[in-house]
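Q: Letter by letter, the chains look like this.
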Amino acid sequence: MPPLPVSQIPLNWYLILSATLFLIGVAGFIYRRNIITIFMCIELMLNAVNLSFVALSYQWKQVDGHIFSFFVMVVAAAEAAVGLAIILTVFKNRQTLEVDEISSLRN
Amino acid sequence: MYDKFIPTAADYVRFAPEILLTVFGTLIMLIEAGRKEDQRRPYGILSLIALAGAIYLAFPAYNNAGPAFQGMLIVDGFGTFFRVLCYVAAALAVLCSGQYLSREKADSGEYYSLILFSVVGQGVMVTANELLMVFIGLEISSIATYVLAGFLRDDQRNNESALKYFLLGSFATAFLLYGIAWIYGLTGSTDLSLIRAALGSANPPNVILTGTAAALMFVGLAFKVSAFPFQIWTPDVYQGAPAPVSAFMSAGPKAAAFAILVRIFMTAFEPIAARWEPILWVTALATMVVGNFAALAQVNIKRLLAYSSIAHAGYILVAITAQSQIGISAVMFYLAAYTFMNVGAFAAVTHLAGKDEKYVNIEDLAGLGQRQPVTAALLSVFLLSLIGVPLTGGFFGKFYIFKAALDSNLVWLTVLGLLNSAVAAYYYLRVLVVMYMQDASAEVPAPKPVSGGILVALVGSAVATVILGVFPSVILNFAGKSGTLNP
Numbered sequence: 000m001p002p003l004p005v006s007q008i009p010l011n012w013y014l015i016l017s018a019t020l021f022l023i024g025v026a027g028f029i030y031r032r033n034i035i036t037i038f039m040c041i042e043l044m045l046n047a048v049n050l051s052f053v054a055l056s057y058q059w060k061q062v063d064g065h066i067f068s069f070f071v072m073v074v075a076a077a078e079a080a081v082g083l084a085i086i087l088t089v090f091k092n093r094q095t096l097e098v099d100e101i102s103s104l105r106n
Numbered sequence: 000m001y002d003k004f005i006p007t008a009a010d011y012v013r014f015a016p017e018i019l020l021t022v023f024g025t026l027i028m029l030i031e032a033g034r035k036e037d038q039r040r041p042y043g044i045l046s047l048i049a050l051a052g053a054i055y056l057a058f059p060a061y062n063n064a065g066p067a068f069q070g071m072l073i074v075d076g077f078g079t080f081f082r083v084l085c086y087v088a089a090a091l092a093v094l095c096s097g098q099y100l101s102r103e104k105a106d107s108g109e110y111y112s113l114i115l116f117s118v119v120g121q122g123v124m125v126t127a128n129e130l131l132m133v134f135i136g137l138e139i140s141s142i143a144t145y146v147l148a149g150f151l152r153d154d155q156r157n158n159e160s161a162l163k164y165f166l167l168g169s170f171a172t173a174f175l176l177y178g179i180a181w182i183y184g185l186t187g188s189t190d191l192s193l194i195r196a197a198l199g200s201a202n203p204p205n206v207i208l209t210g211t212a213a214a215l216m217f218v219g220l221a222f223k224v225s226a227f228p229f230q231i232w233t234p235d236v237y238q239g240a241p242a243p244v245s246a247f248m249s250a251g252p253k254a255a256a257f258a259i260l261v262r263i264f265m266t267a268f269e270p271i272a273a274r275w276e277p278i279l280w281v282t283a284l285a286t287m288v289v290g291n292f293a294a295l296a297q298v299n300i301k302r303l304l305a306y307s308s309i310a311h312a313g314y315i316l317v318a319i320t321a322q323s324q325i326g327i328s329a330v331m332f333y334l335a336a337y338t339f340m341n342v343g344a345f346a347a348v349t350h351l352a353g354k355d356e357k358y359v360n361i362e363d364l365a366g367l368g369q370r371q372p373v374t375a376a377l378l379s380v381f382l383l384s385l386i387g388v389p390l391t392g393g394f395f396g397k398f399y400i401f402k403a404a405l406d407s408n409l410v411w412l413t414v415l416g417l418l419n420s421a422v423a424a425y426y427y428l429r430v431l432v433v434m435y436m437q438d439a440s441a442e443v444p445a446p447k448p449v450s451g452g453i454l455v456a457l458v459g460s461a462v463a464t465v466i467l468g469v470f471p472s473v474i475l476n477f478a479g480k481s482g483t484l485n486p
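Chains as they are written, first to last, in numbering that gives the first Met the number 0: chain A, 0 to 106; chain B, 0 to 486.
It should be emphasised that the hints constitute simulated quantities derived from the structure, not laboratory data.
Built from N, CA and C at the ideal position, the CB exists for glycine as well.
Among these hints, one or two may not hold up.
As the list claims (entries may be wrong) - SDA-like, lysine to any residue: derived pairs with alpha carbons at most 20 Å apart:
1) A:Lys-60 x B:Ser-188
2) A:Lys-60 x B:Lys-104
3) B:Lys-104 x B:Arg-40
4) B:Lys-357 x A:Arg-105
As the list claims (entries may be wrong) - Derived list of chain A stretches under chain B, where covered just means 3 residues or more per stretch with a C-beta under 8 Å from a C-beta of chain B:
5) 38 to 50
6) 62 to 74
Hey, can you work out the whole structure from these sequences and the hints?
A: If you want it as C-alpha cells, here you go:
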C-alpha cells in the first residue's frame with residue numbers, strides 16, 4: 000500500500016468547520032419556521048458529523064470512520080425518504096408548511 | 000486473511016430472532032402486494048407467529064451467549080432480557096391493532112411489517128456492542144416508528160404526530176452521532192469495550208472533551224427515553240398517534256433506548272462515572288417533577304399517559320444514577336412491569352376511544368364501572384400498578400428502584416422520588432373516581448363489550464402485572480443474574 004499523502008491542512012480546521020456547520024444546523028432547526036428548511040438543517044447536522052468522521056478517520060489512519068460515514072449517508076437517505084413522505088401528507092391535509100400552524104395537538 | 004469475516008454458525012444462532020422477524024416482515028409486505036382491495040389476510044396472526052418464534056429463538060441464542068459478527072453484537076443476559084421484552088411489547092401492540100385498524104378501515108399489511116421491522120431494530124439495539132450497531136438499530140427502530148405514528152394518512156392528528164416525532168427524533172439522532180464522532184476521535188474506536196479500555200487507561204484522553212462527547216450522546220438518548228428537558232415531543236406524539244401505536248411506542252422503543260443508555264454508560268463511560276452522575280441526578284429529578292406535575296392538569300387520557308410515561312422514565316433514571324448491579328436489575332424489573340401496565344392502559348384506551356378516537360377525554364370514561372365492569376376493572380389494575388400499589392408489578396418496581404438508590408446513598412433523590420409518586424397517585428386516582436363514581440353522560444354512547452385481540456392483550460397484561468406484584472422473583476432472579484454487564 001502506498002503511503003498516505005500528508006495533509007497540508009491540520010485536523011483542527013476540519014473539526015472547527017464541522018462544529019460550525021453542526022451549530023448552524025442546530026440554530027436553523029430552532030429558529031427556522033418552514034418544515035423543509037428545518038429538515039435541511041437536520042441534514043446539515045448529519046453532514047457535519049460525516050465531515051468529522053472522515054477527518055478523524057484520516058487522522059487515526061483507519062477505515063472505521065469512513066465506514067461509519069457511509070452508514071450515516073445510507074440512513075440519512077432512508078430518513079429523507081420517510082421524512083419527505085410525512086411532510087407531503089402534512090401539506091396535503093393542511094396546505095401549509097409553517098411549523099407554527101401545525102399545532103392542533105394540545106391540552 | 001478474509002476468512003474471519005465469514006459469519007459462523009454461532010453468529011447466526013445468536014442473531015436468529017432478528018433474521019426470523021425480518022423474513023416475516025418481508026413476507027407480509029409481499030403478501031400485501033398481491034392482495035386485492037376487498038381481500039383480507041391474516042397479518043395479525045402471521046406477526047404473532049413471527050414474534051412468538053423470535054421469543055422462542057431468543058433462548059437458544061442465550062444458551063450460546065457470546066459476541067456475534069466480530070463483536071459487533073453481544074448476546075448476554077441483559078440483551079436477551081430486553082430482546083424478549085421488546086418482542087412481548089410488540090405482540091401486545093399487535094393484539095390491539097387488528098380491531099383498531101378494521102374500525103378505522105385501514106387494515107393493511109404495511110402496518111404489521113413496520114411493527115416487525117421496528118422490533119428488529121430494537122433487537123439490534125439491545126444486543127449492540129458497537130456504537131455503529133447502536134446507531135443502525137436505533138434508526139431501524141425509529142424510522143419504522145415514524146411511519147407508524149402517522150399511519151392513518153388522512154387524519155390530521157396522525158400527520159402532526161408523525162411530523163413532530165420525525166423532526167425531533169432525527170434532531171436527537173444527529174446529537175447522538177456527533178457524540179459518537181467525538182468519542183471515535185478521542186479513543187480511535189467505536190467498540191464499547193475498547194472505548195472503556197481507552198478511557199480507563201493510565202493516560203486517558205482529555206476529560207473535558209470526553210465529558211462533552213458523553214453529554215452529546217446523552218442528549219441523543221435522553222430524547223429517545225423522553226427525559227427532561229427533551230421530553231416536549233412525547234405528549235404531542237402519543238396523543239396524535241393511533242392508540243395501539245402509542246402503546247407500542249411507549250414500551251418497545253423506550254425499553255430499548257434505556258437498554259443502550261445503561262449499556263453505554265455502565266460499560267464504555269464507566270471510567271468517567273463521577274462526571275456524569277450529577278447530570279443524571281438532576282435529569283432524573285427534573286424528569287419526575289415535570290412528568291408528574293404536568294400530568295395533573297391533563298384532560299386527554301392519552302396525554303395523561305404520555306406525561307405519566309415521562310414520570311416513569313424519571314424513576315428509571317433514578318435507578319441508573321445508582322450505578323450498581325442492583326440498580327441495573329431494578330431498571331430491568333421496572334421496565335418489564337412498566338411495559339405490561341402501560342401497554343395495558345393504552346389497550347383499554349384503544350378499545351374505549353371509538354371510531355376516529357372521538358372519546359379520549361377522561362370525562363368520557365364516566366360511568367364505565369357500570370357500563371363495562373370488565374374493562375373498568377382491568378384498567379383499574381393498570382392504574383393502580385402505575386401508582387405503585389402493593390400486589391402489583393409497579394409496587395415492586397418502585398421498591399427496587401428506591402432500594403437501589405438508598406444502597407448507593409442517594410437519600411435526597413429517594414425522598415424526592417417518593418414525594419413525586421405521592422403526587423402521581425392523584426391523577427391516576429382521578430381517572431378511577433371518574434370511572435366508578437360519576438354517572439355516564441348521555442353524549443357518550445356505551446362502548447361495545449371488549450372482545451378478541453384487545454381482550455387477550457388486556458387480560459394478559461393484567462395477569463402479568465399481578466404476577467410481577469405477587470411473585471416478583473420470576474423476573475427478578477433473572478434480572479439479578481444479568482445485571483452484570485461484562486465490559
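Q: Could you tell me which of the numbered hints above are not met by this structure, giving the numbers in increasing order?
A: Structure breaks hint 2 only.
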